[in-house]
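A.B. asks: We have chain H; now place chain A onto it with these hints.
Letter by letter, the chains look like this.
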Amino acid sequence: MHLDPFELHRPTSVDEVVGLARDLAGRFDYLAGGTDLLPNYKMHLNLRPHLIALEGVRELRGRSLERIGAMERLADVEAESALLAAYPPLGDAVREIATPLVRASGTVGGNLLVETRCFFFNQSQFWRQSLGFCLKADGDRCHVVPQKQKCYATFSGDLAPALMAVDAEVEVAGADGRRRLPLEALYDPEGDGIRRLRLRPGELLTAVHLPAATRGDPGAYLKLRVRPSYDFPELGVAASGALDGGRVRRLTIAVGGAEMRPVRHDSLTAALVGERLSDDRIRALADAVERATRPVHNTFLLPDYRRRMVSVFVRRAVERLREGTAG
Amino acid sequence: MPSPPPVRFRLNGQPTEVAVEPARVLLDLLRDDLRLTGTKRGCDLGTCGCCTVLVDGRPSLSCLTLARLVDGREVTTIEGVSPPQGLSPLQRAFVEVGATQCGFCTPGFVVTATAFLRDHPHPSREEIVRAISGNLCRCTGYLKIIEAIERAAAGGA
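Protein chains in written order, with the numbering used here: chain H, 53 to 379; chain A, 1092 to 1248.
Next comes chain H alone, as it looks inside the complex (with noise of 0.2 Å):
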């Protein structure tokens, strides 16, 4: 597979890249490690004639417990042990994503922003073409749900929702300014498969920061996949808490590769704030995060099969919180 001509730039400085993205106004994508991105170029989807690689830029990196930079890779986030063990769904969800070898280039940031996938988009031109191709490249109409003029592409990243449960927040650089906000403000609850975050145009994740408040509480992600050695998540289930005297102080549930974003589900948890973690509890919450979620058929399982894991998992991963907090 080819990779159609496209001109090349690497800066090598943050306020670099905010000028080029400037001058280039929404004609280049951003190129981290190009695990995601280098695919969709061959299979020609949604190219753009300039590409601004990132691996240049110092400030883009650099890990500790407070701080991992958008352009680190996952690998080497992956062997920091300490701060996997501050911030267990990290630890679960890095672990699982895609194979060593594609960890090995894939970034964090790049995770973070991973396009969104639909079995009707993840496909050849010739595959595309065949069908008339689809609202997210090239087309006019989605497969998926035709009564919508909308994309119901789904987001597949497993960083999003481990970092959302523990409250990290991003910090972005662009043409006005840096800013940070809280993770989950980075996915629009308004936009869908394609107008999918609120970056404004240009914008580029710089770092993750983690809050000292959450780090060492326990919690868990846990991955629905086919291959458990490959796939992107068909399901993610993120949980993050803390309990004091057995009630709970905290606890998080956020989700992913289920729908257009990741979602974090605080007004299903905040009832429980000062309860005790009972199996009835649990499984109430379980329940009502699946009613929550809502899959379509655009990926390998069958959406009814994700929708009842979410119970599954939300059950799962918030006793594994419980068990860690008694441990």
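Fair warning: there could be bad hints in the mix.
[As the list claims (entries may be wrong)] Listed below are several chain A residues computed to face chain H (Cβ distance under 7 Å; list not exhaustive):
1. P1113
2. A1114
3. R1132
4. D1135
5. L1136
6. G1137
7. G1148
8. P1150
9. L1152
10. L1155
11. A1222
12. S1224
13. R1229
[As the list claims (entries may be wrong)] To list a few chain A residues with every Cβ distance to chain H over 12 Å, as calculated:
14. S1094
15. T1107
16. E1108
17. G1129
18. G1171
19. P1175
20. V1186
21. E1187
22. A1245
Don't read these hints as lab results, they were simulated from the structure. Every residue gets a Cβ at the ideal spot worked out from N, C-alpha and C, and that includes glycine.
C.D. replies: Same frame as chain H, now just chain A:
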């Protein structure tokens, strides 16, 4: 049309300078321009691991690595894994155990396992299985591959 600027890097220890277009991946540069055909093109999408090479010692999927981005780096292919005479201990273990069937995936496995054993000289079987989980063998011959890596780690090759 002017030729693109050259990239300069070390390839299996040798200084190399070659003109390459931005949209060319390292795999195509190695196989088609430099005729190092030991590195195999499998899926071409990062799924199979057949095209694995080392960039600055780190396993990299050469089908998803833009050739221009190895400028200034050290690239090691399957051709550079062997010592000047003969085979590396890992390669000998592959031969002795019979860890090849059709052989197409073998270079990728050897390169991946070479970097893995350098970083984990005494791996458990589970760690080996995890380490090679990005390399596909379509003859499904994983047991002997695992055995060969175990043998090389034990110094039995």
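A.B. asks: Should the interface hint for P1113(A) be scored as holding, given a Cβ-Cβ cut-off of 7 Å against chain H?
C.D. replies: holds (4 Å)
A.B. asks: Can we confirm that no CB of chain H comes within 12 Å of the CB of G1129(A)?
C.D. replies: At about 17 Å from chain H, G1129(A) clears the 12 Å cut-off, so the statement holds.
A.B. asks: If you take the shortest Cβ to Cβ gap from R1229(A) to chain H, is it below 7 Å?
C.D. replies: Check failed: Cβ of R1229(A) comes no nearer than 14 Å to chain H, outside 7 Å.
A.B. asks: Holds or violated: is there a CB of chain H closer than 7 Å to the CB of G1137(A)?
C.D. replies: holds (5 Å)
A.B. asks: Would the stated hint for P1150(A) survive a check requiring a Cβ distance to chain H of less than 7 Å?
C.D. replies: At 5 Å from the nearest chain H Cβ, P1150(A) passes the 7 Å test, so the hint holds.
A.B. asks: Go through the hint on L1152(A) and say holds or violated, using the shortest Cβ distance to chain H against 7 Å.
C.D. replies: Since the shortest Cβ distance to chain H is 6 Å, the answer is holds.
A.B. asks: Looking at T1107(A) again, its CB stays over 12 Å from all of chain H?
C.D. replies: Non-interface label stands for T1107(A): nearest chain H Cβ at 19 Å, farther than 12 Å.
A.B. asks: With 12 Å as the threshold, tell me whether P1175(A) passes as away from chain H on beta-carbon distances.
C.D. replies: holds (27 Å)
A.B. asks: Can we keep the R1132(A) interface hint, with Cβ of chain H closer than 7 Å?
C.D. replies: violated (9 Å)
A.B. asks: Could you let me know if the closest chain H CB is still more than 12 Å away from the CB of A1245(A)?
C.D. replies: At about 22 Å from chain H, A1245(A) clears the 12 Å cut-off, so the statement holds.
A.B. asks: Hint validation: A1114(A) versus chain H, beta carbon distance must be below 7 Å. Holds or violated?
C.D. replies: holds (4 Å)
A.B. asks: Find the nearest Cβ of chain H to the Cβ of S1094(A) and say whether that gap is larger than 12 Å.
C.D. replies: holds (14 Å)
Hints 3, 7 and 13 from the earlier list are contradicted by this structure; the remaining hints agree with it.
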